[in-house]
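Asks: Chain by chain, the residues run as shown.
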Amino acid sequence: MLEATAHPARSARGHLRIMALEAGVPRSRVDELLELVELSSSADRRVGGFSLGMRQRLGLAGALIGDPRVLVLDEPANGLDPEGVRWLRDFLVGLAAEGRTILLSSHVLAEVAQTVDEVVVIASGQLVVHAPLAEVMRRSDNRRVRLRTPESEGLHAALLAEDMTVSVDEGELVITGGDQEAIAQLAFDRGFALYEIATEASSLEDVFLDLTAVPEEAVR
Amino acid sequence: MTTLIRSEFLQLRTLRSSYATAVTLVVLTVGLAWGDVADSQITDPAEHFASAVLVGAGFVTALVGALFAAARVAGDYRYATIVNRVLATPGRTKLLMGRLVSFSILGILSGLVATALAVVTAAAVLDAEGTAVVVSAGDAAGYVARIVAAAVLFTSLGALLGFLLRSQQAAMVAIFGTFLAEKALASALGDVASVLPFASLNQLLDPTTDGALVAGLVLLATTVGLTGLAAALLRRRDIQ
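Protein chains in written order, with our numbering: chain A, 1 to 220; chain B, 221 to 460.
What the hints contain is simulated information worked out from the structure, not anything from laboratory work.
There may be inaccurate statements among the hints.
[As the list claims (entries may be wrong)] With beta-carbon atoms standing in for the labels, derived distance ranges: (1) A:Q126 x B:I325: 24 to 32 Å; (2) B:R455 x A:T199: 18 to 26 Å; (3) A:A134 x B:Q389: 16 to 24 Å; (4) A:A9 x B:I325: 20 to 28 Å; (5) B:R455 x A:A23: 22 to 30 Å; (6) A:A182 x B:I459: 53 to 61 Å; (7) B:A266 x A:A23: 47 to 55 Å; (8) B:A300 x A:P68: 19 to 27 Å.
Quick caveat: nothing in here was measured; it's all calculated off a predicted structure.
Heads up, the beta-carbon is just placed ideally off N, CA and C, and yes, glycines get one too.
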């Protein structure tokens, strides 16, 4: 769903009335939907004058005309401004809370991570993973610990000695291969002062790239 | 089928261009009927009356109907609203037939209204000039039948062009191009020219000839042939 496929000279109400008639649902459903997608005040305006966000809302209203239990949405946030994206997220979460199943296909993974309960990753036509979002996020081996210390050279050497991978980024140490508690304990035991330490959570995008990475031998 | 027809009429009612077309139809019908009787050296009032009615109502409803139907159907492809139509009615032949029936009903309604307007206009002009015309019930029925047939067949042909060409511009070019090409090539084509769409329309609406039935059948055969072609292509082609 990119946006409503409506005649630009027709009003939003007219567009939905036609869909309601063809779907065999009562006309009163049109006003309900206009209210639901917050288009009541623009219901009699021509669709041609609608913003992209309004067209998306109209498209959603059209998809909901038959009160479906399952909704399949392809890139619904495409082209929306931040306000529209937030509205869409709240709207979809609200629909899911009513007991509907919403299959959301999107390449904007940061947005997906804030909206969905379960993730399905498909790569090269194969199902890679289908699991709750939290579980998928835990699968990532890309979690990094970032710390700030006045004794970075000494601590750097100590961490390397523990088989951790350490890099320096803007004066901070970035460590992979160890968790935050273990690193903090090591620094305390060796007498290194820490000004700041935090775990950088992987983004869904990182997890996706991990899960769908093509092995080098396959590329060759 | 009932839902398809109701949907088509709701689609027409929810577009301002439908009302603009209706106004255009009224203005052209009245104008042509008026002009046809007002500017004539009247020798046979009944014949002029018939000509004014048939040209004013018949030719206008046929041409405006064809242009309007072609624009409406091709417009569904232009604005991708054909997707909604096909989702609502997955049977494409049924969709095609539903639209043809809808536009045929529209042709009947517009033909009847235009006939009434042309009759009233022509009678009023002749009456103002002091010329009385008496039309028999048989003649009146004949006018109505010719005009309605012309409106239905040309409106359907317009809708079929919309399905076949899927472009409003191409459909307009095809309609006006056929009209001009028939005029330009009439002498070169000889007898073949008489079975072309606009020549058939002229014959159908000409009160001085007896070829109306044959012309109507030729137009009907053209419509049936194009319906078969449109149904085959609609089933085979992607809708976008």
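Asks: Check the structure against each numbered hint from earlier and tell me which ones fail, lowest number first.
Replies: Hints 1, 2 and 3 are the ones this structure does not satisfy, whereas the remaining hints hold.
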